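Student: First to last, the protein sequences are chains V and X.
For what it's worth, numbering that gives the first Met the number 0 labels the leading residue of the first sequence as 0, then goes sequentially.
For what it's worth, numbering that gives the first Met the number 0 labels the leading residue of the second sequence as 0, then goes sequentially.
Treat the hints with care, as some may be off.
Said to hold, decoys possible - Each computed DSS-like pair below joins lysine-lysine, with the alpha-carbon atoms no more than 27 Å apart:
id, chain 1, residue 1, chain 2, residue 2
1, V, K460, V, K389
2, X, K22, V, K266
3, V, K460, X, K89
4, X, K56, V, K266
Don't read these hints as lab results, they were simulated from the structure.
Since the model is a prediction, treat every value here as computed from it, not as a measurement.
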Amino acid sequence: MKTHVIKLLALSLLLISGGVFAQELDSTVGTIVASGNGMVDTVTAVVETAEEAGTSAEMFRVNNTWMMVSIFLVFIMHLGFATVETGLTRAKNTVNILFKNTAIVAIGLLTYALIGFNLMYPGESWFLKGILGFAGFGIGLPEGVDATMAEAGAAAFTYGGGGYTYWTDFLFQGMFAATAATIVSGAVAERIKLGPFLIFCVLYVMLVYPFVGSWVWGGGWLTVGGNLKGLVGEKGFHDFAGSTLVHSVGGWGALAGILVLGPRMGKYVGGITRPIMGHSMPLLTIGVFLLWLGWFGFNGGSVLSAEPVLASYVLVTTSLAAAAGIVGSMLTSWTVQKHPDLSMVLNGCLAGLVGITAGADVVNIIPAILIGLICGAVAVLSVMAFDRLKIDDPVGATTVHLVCGILGTLFVGVFSPEFSVITQLTGVLAYGVVCFPAALIIFLVLKLTVGLRVSEEEELKGLDLGEHGMESYHGFQIFTAQ
Amino acid sequence: MKLIIAYVQPERLTAVKQALYEKEIFKLSVTNALGCGQQRGYRESYRGVAMEVNLLKKVRVEIAVNDDFVQATIDAVIAGARTGKIGDGKIFVTDLADCIRIRTGETGEDAIG
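If we strip away everything but chain V, and leave its shape as in the complex, we get (with noise of 0.2 Å):
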């Protein structure tokens, strides 16, 4: 097992370094590579046939529906992330999680209604071209586009290309916006203040998530059709449904969030590292799997339609990834821990799904199966060396989004031939040099100005009857002696 092991770290190291290209690599990753790409060329024909024949109006209401589901999944995410925080974080500072997490998800929504998806999406409404631009404030039916679709005819259509409505558009990427707080929630947790998280929430996901969110899904610098051509090649920079987009941005935030706040008390003490236990498996093993039936519309309704080849594929990869999360996750925690770790193995299964974002829809089946492998390995060395380097995160945040969002994304360009390596790393350069420091900004400012962190007292006795004046488990005896 150890051997198998050091293959998949060995492996993955040289993924990390970035230069290695397909041919490069162990000669049966290179066959899988090379015998890999029949299936895409398959999907892309399916859907280029689609296109020729139109979309029909059964088909626009077929595709809407699917989209709309992938809305109610996307949603649930937000209850798999406020457990997974939950039960990784001890009992007294729980009304504080869940406060945060409800509260994220108004904050997310209402700014994208606001700013968020004319910012994201500014349509031909650049001030600088492919960089920034801005499509006005609030949401409405863009001109020529109707509310009904008897009236509309085709104008409907050709909004979404027959896939969905503008509204269905609209509230499945206000879904995804809050998830980029949402992450960096659990890494900042049992130390935070309250309002000036908040506050910080609101300037990461109305003003960074969607303003670097442009840059590919809205048409900017880093696709093929944007103005920077010499930069990311004939290829473009491919982010399927967000490894970097949604999770690198919001591990970025994650990241700068604790290096300004610094560890919990008693976490790293004379040089010794002492575990945080969170106080309930059972509830972050429910958020992982909510998470995982989620990631069915994160994925899945990225597709941006009810194609049924390509929709039922990214499941697919999508669901081999988390499993292979899992097995490498496992398999590195057995070996390396002595005692297979259960939060360690759910870390490694989320892991599996942030790696597989970026090219679930693009990669092969045994690719996807080796970056959910790589991935779920990597997540269990990546948390024990953050505590390594004293860097605090009670819920491997940084680890499962930043970490592996990034793999995931260099992983395009090393199994799928369509893309480069060295455009998908401009791209995980380009999200980190702006999402880092802007995040780190914030926090500075807030710390100098408001305060971040709260006091040494209220820390000990716990957030919940600090900042909330209320206990999470009344009538429960717990033992909160750490």
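Fit chain X to the given chain V structure using the hints.
Tutor: For chain X alone, kept in the frame of chain V given last:
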């Protein structure tokens, strides 16, 4: 032989244990306790209604020691638990009639040490 019973703030337990270890006192029992002292409690609110919570969470630490360890134990508990604020807790010291280790049948001072 004395039985030392200390009620301390839950969040000070780690520090108390650390202080005891430094004085080479390794045997203790800890239980959850609810108590009411000079601290009087705090206010919580639930669905808009305020409520007074006057039974506060404490931990009860019990340590049985031989006479020559009594002062060291008391010092260690104080060192770990004291913050200088109301609510730091109390230490009770009582005589201990006997002590029997179940496994070996040892009694008295041998059983404690």
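Student: State for each hint whether it applies.
Tutor: Hints versus structure:
no., hint, in the structure
1, V:K460 <-> V:K389, "23 Å, holds"
2, X:K22 <-> V:K266, "23 Å, holds"
3, V:K460 <-> X:K89, "19 Å, holds"
4, X:K56 <-> V:K266, "23 Å, holds"
Violated hints are absent here; each numbered hint is respected by the structure.
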